[in-house]
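Number of protein chains: 2
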Amino acid sequence: MSDKIPYKIYLTEDEIPTQWYNVRADMKNKPAPLINPGTGKPLGLDDLAPIFCDELNKQELDNDTKFFDIPEEILKFYKMYRPSPLVRAYFLEKALGTPAKIYYKFEGNNTSGSHKLNSAIAQAYYAKKQGLKGVTTETGAGQWGTALSMACSYFDLDCRVYMVKCSYEQKPFRREVMRTYGANVTPSPSDTTNVGRKILAEHPGTTGSLGCAISEAVEAAVSTEGYRYVLGSVLNQVLLHQTIIGLETQVALKKYGIKPDMIIGCAGGGSNLGGLVSPFIGEMLRGEANYQVIAVEPASCPSFTRGKYAYDFCDTGMICPLAKMYTLGSQFIPSASHAGGLRFHGMSSILSQLYHDGYMEARAVEQTAVFEAAQKFARVEGILPAPESSHAIKVAIDEALKCKETGEEKTIVFGLTGTGYFDLVAYEQFNSKTMTDTIPTDEDIAASLAKLPNVNF
Amino acid sequence: MSDKIPYKIYLTEDEIPTQWYNVRADMKNKPAPLINPGTGKPLGLDDLAPIFCDELNKQELDNDTKFFDIPEEILKFYKMYRPSPLVRAYFLEKALGTPAKIYYKFEGNNTSGSHKLNSAIAQAYYAKKQGLKGVTTETGAGQWGTALSMACSYFDLDCRVYMVKCSYEQKPFRREVMRTYGANVTPSPSDTTNVGRKILAEHPGTTGSLGCAISEAVEAAVSTEGYRYVLGSVLNQVLLHQTIIGLETQVALKKYGIKPDMIIGCAGGGSNLGGLVSPFIGEMLRGEANYQVIAVEPASCPSFTRGKYAYDFCDTGMICPLAKMYTLGSQFIPSASHAGGLRFHGMSSILSQLYHDGYMEARAVEQTAVFEAAQKFARVEGILPAPESSHAIKVAIDEALKCKETGEEKTIVFGLTGTGYFDLVAYEQFNSKTMTDTIPTDEDIAASLAKLPNVNF
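Top to bottom, those sequences are chains X and A. Adding 1 to a residue's 1-based position in the first sequence gives its number in the working numbering. Adding 1 to a residue's 1-based position in the second sequence gives its number in the working numbering.
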C-alpha cells in the first residue's frame with residue numbers, strides 16, 4: 002500500500018468536511034468557563050454580546066453540540082485555498098534514513114501564509130450575518146491581521162487592525178498586504194482610543210505591545226456602533242473553526258488506509274494545535290483509538306511544561322476575562338523569540354484540560370535547534386517553514402530519528418501551519434549565526450506565577 | 002458540465018507529463034541561431050561547452066526532436082511542488098459579472114514563488130550528471146537565484162549567485178532564502194572576478210547592474226574548474242523545461258473537456274510565456290486547433306509592441322552571443338518598474354519567430370493599471386500576485402469585460418506565474434498612491450535601436 006501513496010494527498014472539493022467538530026462534547030471533564038474578574042462568575046451570552054458576535058458567543062459557550070454545520074458561504078471560501086494537502090515527507094524520510102513514515106498537513110498555501118484564515122473567514126461571516134459594519138482586532142507580526150483582512154475583504158466588512166507600532170514600522174510588509182486587502186491598519190498605541198491616548202501621554206516614545214493593541218481594539222469595538230472585536234487564537238470558537246485541519250487530515254488518512262501513531266503540533270495559544278489534534282483526541286475520548294499526541298512549545302515560553310494550571314488573565318493589561326489554563330502568569334514577558342505566534346503566556350482552556358487529563362504530552366524546544374530543523378526540512382521538502390511550524394518539525398525529526406535507532410516504522414503526522422516568507426529577519430540571524438536562545442529561570446517563572454490573580458473556583 | 006468543474010483542478014501525480022515539448026520541431030520557420038559576435042557564425046556545441054552544461058547545449062541547438070524525456074530524478078523533484086493547480090476563477094468571474102470562463106495556471110505554490118523552479122531543477126540535474134561541482138548565475142530581485150539555490154541544494158551542488166548589489170542590500174529577504182538553501186550569494190560588482198574588480202576601480206560607489214552581474218557569473222564559471230553558468234530565461238532550453246506548465250494545463254483542460262479560446266501570459270525574456278503557450282501554439286502549427294494567444298508586456302519595456310526584429314546582444318555588457326529577437330536594443334534601460342522579471346530589452350528567439358509569423362499578438366500595459374488588476378484579483382481570488390503575473394491578470398480582466406459587453410462566453414486561460422510576497426515595496430507604493438508609470442518616448446527607443454550591432458544574416 003505504502004508505495005502507492007502520492008507525495009501530496011489532495012482531497013477532492015467534495016471531500017472537504019462540511020461540519021466543524023466540537024471536542025468539548027466528548028470531554029468528560031469540560032474546560033473551565035471564562036470568569037468575569039469583577040463578579041467572579043462565569044461569563045454568559047449577555048456579558049459577551051457587547052464585545053463579540055452573537056453566533057460566535059454561542060459557539061464559545063456550547064460544551065454539548067458535537068458538530069456545527071459549516072455555512073455554505075464559508076465552505077465556498079474554503080474552496081479558494083482548501084483542501085490543504087497532506088504531504089508524505091518522502092524526501093525528509095530519505096534524508097533522515099528513518100523507517101518512520103512522516104506526513105505533514107500543510108496550511109501555508111494561501112496569502113495569509115498560515116491556518117489563521119480558517120477562523121478569520123468564519124468570524125467575518127458571522128459578523129456580516131449579524132449585520133455589523135466591521136470588526137476590530139490587534140496583530141503583532143501581522144499573520145492574524147492579514148487573514149482577517151482577506152476575510153473582511155471577501156464579505157465587504159470594514160476591518161480595523163491595531164498593529165503593534167514597532168512591527169508597523171519595522172515589518173511593513175504584512176501591513177501592506179493588509180492594506181492591499183483594504184484593511185485600516187493603525188500603529189498602536191494611537192490617538193484613536195482613550196487607552197491609546199493615555200498610554201501615549203504617559204510613555205510618549207513607546208513602540209507599543211500586544212497587550213496595548215488588544216486594549217485599543219476592544220475599546221474601538223465596544224465604543225463604535227456596528228463593530229465587534231475578533232481574536233485569532235485561544236478561544237473555544239477559534240479551536241472549533243480550526244478543526245477543519247484535523248478533520249481533513251482524518252479523511253485523507255482514511256482514504257489511503259493510514260493509521261498514525263503520533264500527532265505533533267506547535268503550541269502557542271492553541272489555535273493550530275487544537276484544530277489539528279482535537280478530532281484525533283475525540284477518537285481517544287470515545288475509546289475508538291489511541292494516539293501519542295505531542296504539543297511543542299518554545300523553551301522561551303513553556304506554558305505547558307513549566308506553567309501552572311490556574312485561573313489567569315488572558316492579557317497583560319488584565320482587562321480581559323479570566324480563563325483556567327496552563328499559564329506562566331499574565332505578567333510573564335517571553336524573550337523576543339522569532340516564533341511570535343507562540344509567545345503567549347497561557348494556553349487554550351480546552352487544550353489545558355485535555356493536557357491536564359493526560360490526553361497529550363508536551364515538549365519545549367530551543368530556538369536555534371528549531372531553526373536547524375527548519376533548514377533541514379526546507380532543503381529537502383522545498384517549503385521554507387514558519388518559525389512557529391518549525392517547532393513541530395523539530396520534534397517530528399527527533400521522533401523519526403528515534404525510530405531509526407529502534408527500527409520502529411511509526412507513522413508520524415505533524416502540522417505545518419505556515420510559511421516563513423515574512424520571517425527572513427529570523428533566518429538571517431540563523432544564517433549569520435547570531436541567533437540566541439533564552440530560557441527563563443525558575444526564579445523568573447516563580448516571580449511571574451506569584452502575581453496570579455487570587456481566585457478560588 | 003461547467004458546474005461540475007472544481008475551483009481547483011489538480012492532476013494526479015501520475016498525470017504529470019513525462020516529456021517536455023520542443024515547439025521548434027513543429028515550426029516551419031525555425032528560430033534564428035545564436036551568433037558568435039566575433040566570427041559572425043552560428044554557435045555550435047564546441048562554442049557553448051565552456052560556458053553551459055553539455056546536455057543543455059544539445060537541447061539548446063536541437064530544432065528537430067519534438068519531445069524530450071524528463072529524467073526520473075527531475076520528475077521526482079517536480080512532485081515536491083507539482084502538479085500545479087489550474088484554478089477556475091469563479092470568484093473573479095462573479096466580481097466582474099462576466100459570462101467568460103476564466104482559468105489560471107498557478108505556479109506560485111513553492112518557496113521560489115514562481116515557475117522558475119521548473120527549469121532550475123533541470124539545469125541543476127544536468128550539471129550534476131556531468132559531474133560538475135557547481136554552477137554560477139546572476140540574479141536581480143532574486144527569484145531565479147532562489148529557485149536555483151533550491152535545486153542545487155537538492156543535488157548537493159555548489160551554487161554561486163551574483164546578486165546586483167543594490168538588491169543585495171535593499172532586498173535582503175530573498176538573499177536569506179538563498180543562504181538558507183546553502184547558496185553562496187555575492188553582491189555584484191565584487192572583488193572575486195576581474196570584471197568586478199575593474200568595475201569597482203572605475204566606479205567605486207556603484208550599486209551594480211544585471212549586466213555586470215551576468216559578466217561576473219560567466220567569468221566565475223569559465224575560470225573555475227568544474228563550474229558552468231546557468232540562466233533562467235530567454236534560452237531555448239529554458240522554454241523547453243517550462244513547457245511542463247502548458248502541457249499540464251492541456252491535460253487538465255482535456256480531463257474536463259474544456260476548450261480555451263484565448264491563452265494569455267506575461268512576457269519578459271519569455272520563460273513563462275513560452276512554457277505556457279508553446280504547447281498550444283504547437284497545436285496551431287500542426288493545424289489541429291486555433292487559439293488567440295496574447296503576450297502581455299510592460300509599457301515601460303515594450304519589446305514586442307515597439308521593438309525591432311533584429312540580431313542583438315542579449316546583455317547590456319555586449320559580451321554574450323547575438324540572438325535574433327524582438328528587441329529595444331541592448332543599451333535600452335527600462336525604467337525602474339516593479340516587474341523586475343519583465344525588464345529585459347529583448348525576447349526569446351523562439352517566441353520572436355512565432356510572433357513574427359503571426360501566431361501570437363502582444364499588448365503593452367501600464368504599471369498602475371496592472372496593480373489595480375492585481376488588487377482586484379487578490380481581493381476575490383485570495384492570492385497576492387507577483388507584479389509580473391499581474392500583467393496577464395490585467396489583460397484577462399480586460400478580455401472578460403469585453404465578453405460582458407458582447408455577451409460572448411469565451412474561455413480564457415492565463416498564466417499566474419507567481420506570488421508577490423517579496424514585492425511589498427511595490428504594493429506599498431500602489432497603496433500609498435505614489436506609483437508612477439514611465440513609458441519610453443519614440444525618440445528613446447529610436448536612439449537605442451540606432452545602436453544595434455551592424456550585422457547582416
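Don't read these hints as lab results, they were simulated from the structure. Some clues are possibly wrong.
If several chains are the same, the list does not tell them apart, and a pair holds so long as it fits within one copy or across any two.
[As the list claims (entries may be wrong)] Here are the simulated lysine-lysine pairs, BS3-like style, with alpha carbons at most 25 angstroms apart:
(1) K9 <-> K59
(2) K77 <-> K9
(3) K80 <-> K255
(4) K172 <-> K452
(5) K434 <-> K166
(6) K452 <-> K403
(7) K134 <-> K95
(8) K405 <-> K5
(9) K309 <-> K452
(10) K59 <-> K129
(11) K434 <-> K172
The hints, checked one at a time:
1. Taking the closest pair of Cα atoms, K9 and K59 never come within 25 angstroms of each other, the shortest separation being 37 angstroms inside a single copy and 34 angstroms across copies.
2. Proximity of K77 and K9 under a CA criterion of 25 angstroms is satisfied in both settings, with 22 angstroms inside one chain copy and 12 angstroms between copies.
3. Taking CA atoms no more than 25 angstroms apart as the test, K80 paired with K255 passes in both settings, with 21 angstroms inside one copy and 22 angstroms between copies.
4. Taking the shortest Cα distances, K172 and K452 never come within 25 angstroms of each other, neither inside one copy (33 angstroms) nor across copies (44 angstroms).
5. Only between protomers do K434 and K166 lie at most 25 angstroms apart by alpha-carbon distance; the minimum there is 22 angstroms, versus 28 angstroms within a single protomer.
6. For the identical chains of this complex, K452 and K403 are neighbours neither inside a copy (40 angstroms) nor across copies (66 angstroms), given an alpha-carbon limit of 25 angstroms.
7. For a Cα distance limit of 25 angstroms, the shortest separation of K134 from K95 across copies, 23 angstroms, qualifies, whereas the shortest one inside one copy, 52 angstroms, does not.
8. Taking the shortest alpha-carbon separations for K405 and K5, only the intra-copy value of 23 angstroms comes in at or below 25 angstroms, while the best inter-copy value is 46 angstroms.
9. In this assembly of identical chains, the alpha carbons of K309 and K452 lie at most 25 angstroms apart only when taken from the same copy (12 angstroms versus 76 angstroms across copies).
10. For the homomeric pair K59 and K129, the shortest alpha-carbon distance inside one copy (16 angstroms) is at most 25 angstroms, but the shortest distance between copies (60 angstroms) is not.
11. Taking the closest pair of Cα atoms, K434 and K172 come within 25 angstroms of each other both inside a single copy (21 angstroms) and across two copies (20 angstroms).
In this structure, the earlier hints numbered 1, 4 and 6 are contradicted, and the remaining ones agree with it.
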